[in-house]
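Chains A and B, in that order, are what the protein sequence lines are.
The first sequence maps to residues 1 to 252 in this note's numbering.
The second sequence maps to residues 253 to 691 in this note's numbering.
Read the hints as simulated data drawn from the structure, not as lab findings.
It is possible that some hints are incorrect.
Looking from chain B toward chain A, a few residues come up when the C-beta cut is under 7 angstroms (computed) [unchecked claim]:
id	residue
1	CYS628
2	ALA641
3	ARG648
4	GLY649
5	ILE650
6	SER651
7	ALA662
Which residues of chain B face chain A? A partial, calculated answer using Cβ under 7 angstroms [what the hints assert, rightly or not]:
id	residue
8	PHE322
9	ALA324
10	GLU640
11	PHE643
12	GLN646
13	SER647
14	LEU658
This structure is a prediction, so every number in the text was calculated from the model and none was measured.
The beta carbon of each residue, even a glycine, is placed where N, CA and C say it ideally should be.
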Amino acid sequence: MLSINELRASIEGKEILKGINLEVKPGEVHAIMGPNGSGKSTLASVLAGREEYEVTGGSVTFDGKDLLELAAEERAAEGIFLAFQYPVEIPGVTTINFLKTAVNEIRKYKGENPLDAAQFLKMVREKAKLVSMNDSLLKRALNEGFSGGEKKRNEIFQMAVLEPKLAVLDETDSGLDIDALRIVAEGVNSLRSPDRSAIVVTHYQRLLDYIVPDFVHVLYKGRIVKSGPKELALELEEKGYDWIKAEVDALG
Amino acid sequence: MSTETIDLKTKLLTDFHARESLMNGEAASPFHQKKRAAISRFEELGFPTPKNEEWKYSNVKDLISESYHFNAESNLTLADLQELNIPDQNANILYFVNGHYSEELSSIVSSSEQIIIDSLQNAYKKNPELVNRYFDELVKDDSDAFTSLNTAFAFDGVFIHVPDNQTVEHPVIMRFMSDARAENVASQPRNIIAVGRNGHVKIAEAFRTLGEARSLTNAVTEIHLDRDANVEYYKVQNETENAYHIGTTQVRMLDQSHFYAGTVTLNGRFTRNNLNIILDGEHCEAHMYGLYFPDGSQHVDNHTVADHRKPNSNSNELYKGILRDKSKGVFNGKIFVREDAQKTNAFQSCKNIVLSTEATMNTKPQLEIFADDVKCSHGTTTGQIDEEALFYMQSRGISKPEAMSLLMYAFCADVVSQIKIDSVREYLEGVIADKLATK
Ligand SMILES: Nc1ncnc2c1ncn2[C@@H]1O[C@H](COP(=O)(O)OP(=O)(O)OP(=O)(O)O)[C@@H](O)[C@H]1O
Ligand SMILES: [Mg+2]
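Sequences and hints are given; from them, build the entire structure.
Right, here's the structure in full:
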């Protein structure tokens, strides 16, 4: 489904991703962990098509298409979804209007007719229920004044509405209380299917108790330096990153 | 001074004196005496140049180098106008074409007990004392040449009088059409709005131009609010690429009165709006909202004054603009708090999005505070569209142009939502959405 090859990317002349390789097959969940500043959010942003990052090498294909050739909105329409580590506040645009525009723009891209107001509302209500998203939040300006947890829940709600093929969740668990964490995880799990995949960026094993990954990768200094089964996350939780850093840094 | 400047000025002075010589007895009337004083003020002041601090960023050189047919006749019909205008079945509608009031195009639905609505000419014929009581009173000391010029040539416009304790249910919408299909035209509408004690009224002035020739509108509106009066006043400018517009709205508020102004400039070659509010009473509230969307090489200049002369009053101002291409914007907001005006609250904010490196915005807040117990604040921002927000929207499948127009629309929404005449607000919502979508 997603195949990343020797991907390099920089921002403001500084190379952040230094040759990433990752293969995500349909139905798989990959966890990406790693120390602060190692490039996890950068990878997520590059996959979502953020123009500020300059791709300096490598390739990414998604369902056989050259992802790097597509604009951010085309990637979204092709089925990539990024849940932001820091969701953006957009005053003056209600969540509900924003999503309606998004849904219908994607339908237009696919050559489908726009949903009418009634169909859209029905669908949105179901999805809101799924992630216990309060109705009043939908009517408020997008993320404006939302608490940290509400913003994260809103990301998952949007994911549920857009039903992406590949969801990239960037620290969606941080800032969530225990109940919210479970609800968010259930939202993600309810979307799991043999043809949907996810990349879950997290610092904590906690989330992975709910969303059980098929693989765990460690990103350090712009490279995936270690990959393993779900047990690797437990090991990291226990031992931290020093042993991995030492291994990598010893190799120079 | 260029020779062209002399041309228009000389022509106007000659016109004035030629007319005066045909006036017989009427020339001695107090009404005409005001005009005579105004023409000498104009003669003395001359057209402003950028050396004049008030006109530093707005050069009228091009405007005055054109020649115009003042108050030209026009054969516009209702059918020509219908699609151009804000539709509203429930409003009092007054049409002016090239400065002439058109009775046949206009329709008045409110009762004459609630409100007197007439053209300035008719009102003066019917009740010269009443009109004279208000005419020129608020602007006679104005040092603006265009205002003096308007007074000198005041010929038609709207006269509105709301008697004490009347709440006028139907809004008044004035439509000023410039018919520039055949030649360069000019008009100088003069409006007087006098609202009695505890009178309530909503008013809109809409300006449109037809045709490709140049048009010049030099409009002056005087608004008097007696105690406890409540006036909502909107100005909508949707003119052409060839339209010059200079407008002054001068307001005086007495105790406990409330005044709301919304000024929306959608289109026009060169627009200068002066909105001057004197808070001459206690517990007054003045709100000023503005929006402007210049593109191409359009020029929009808003000058506002909130002059607090008595204690315990509030003024609040929010202007927003989106500038594209090579357009220019100017905002100058003055707040005066006089010595007596203790416990004044005065807030001002001007926010702009500049979408092109060749567009410029000049903002100048000017606070002059002579009282010590006051709360005043002002802020201006000029920035680009929020890239983070743009990417967020794109990452949800919304195309860049669509995301831009959503963000720009959202930027305007808090001003648009302040417009309380439904038909005007709905019209603006539509026009603004189109305007933001086309680029
Ligand atoms: N716009 C930018 N300008 C300069 N440097 C940047 C920019 N964005 C990211 N970086 C740098 O790139 C590096 C990787 O950042 P990134 O946000 O991808 O880290 P991360 O792995 O997600 O960290 P965290 O776990 O703290 O979220 C950091 O050193 C960061 O400072
Ligand atoms: Mg990060």
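Quick rundown of the hints versus the structure:
no.: 1; hint: CYS628; in the structure: violated (25 angstroms)
no.: 2; hint: ALA641; in the structure: holds (5 angstroms)
no.: 3; hint: ARG648; in the structure: holds (4 angstroms)
no.: 4; hint: GLY649; in the structure: holds (4 angstroms)
no.: 5; hint: ILE650; in the structure: holds (5 angstroms)
no.: 6; hint: SER651; in the structure: holds (5 angstroms)
no.: 7; hint: ALA662; in the structure: holds (3 angstroms)
no.: 8; hint: PHE322; in the structure: violated (43 angstroms)
no.: 9; hint: ALA324; in the structure: violated (43 angstroms)
no.: 10; hint: GLU640; in the structure: holds (5 angstroms)
no.: 11; hint: PHE643; in the structure: holds (5 angstroms)
no.: 12; hint: GLN646; in the structure: holds (4 angstroms)
no.: 13; hint: SER647; in the structure: holds (5 angstroms)
no.: 14; hint: LEU658; in the structure: holds (6 angstroms)
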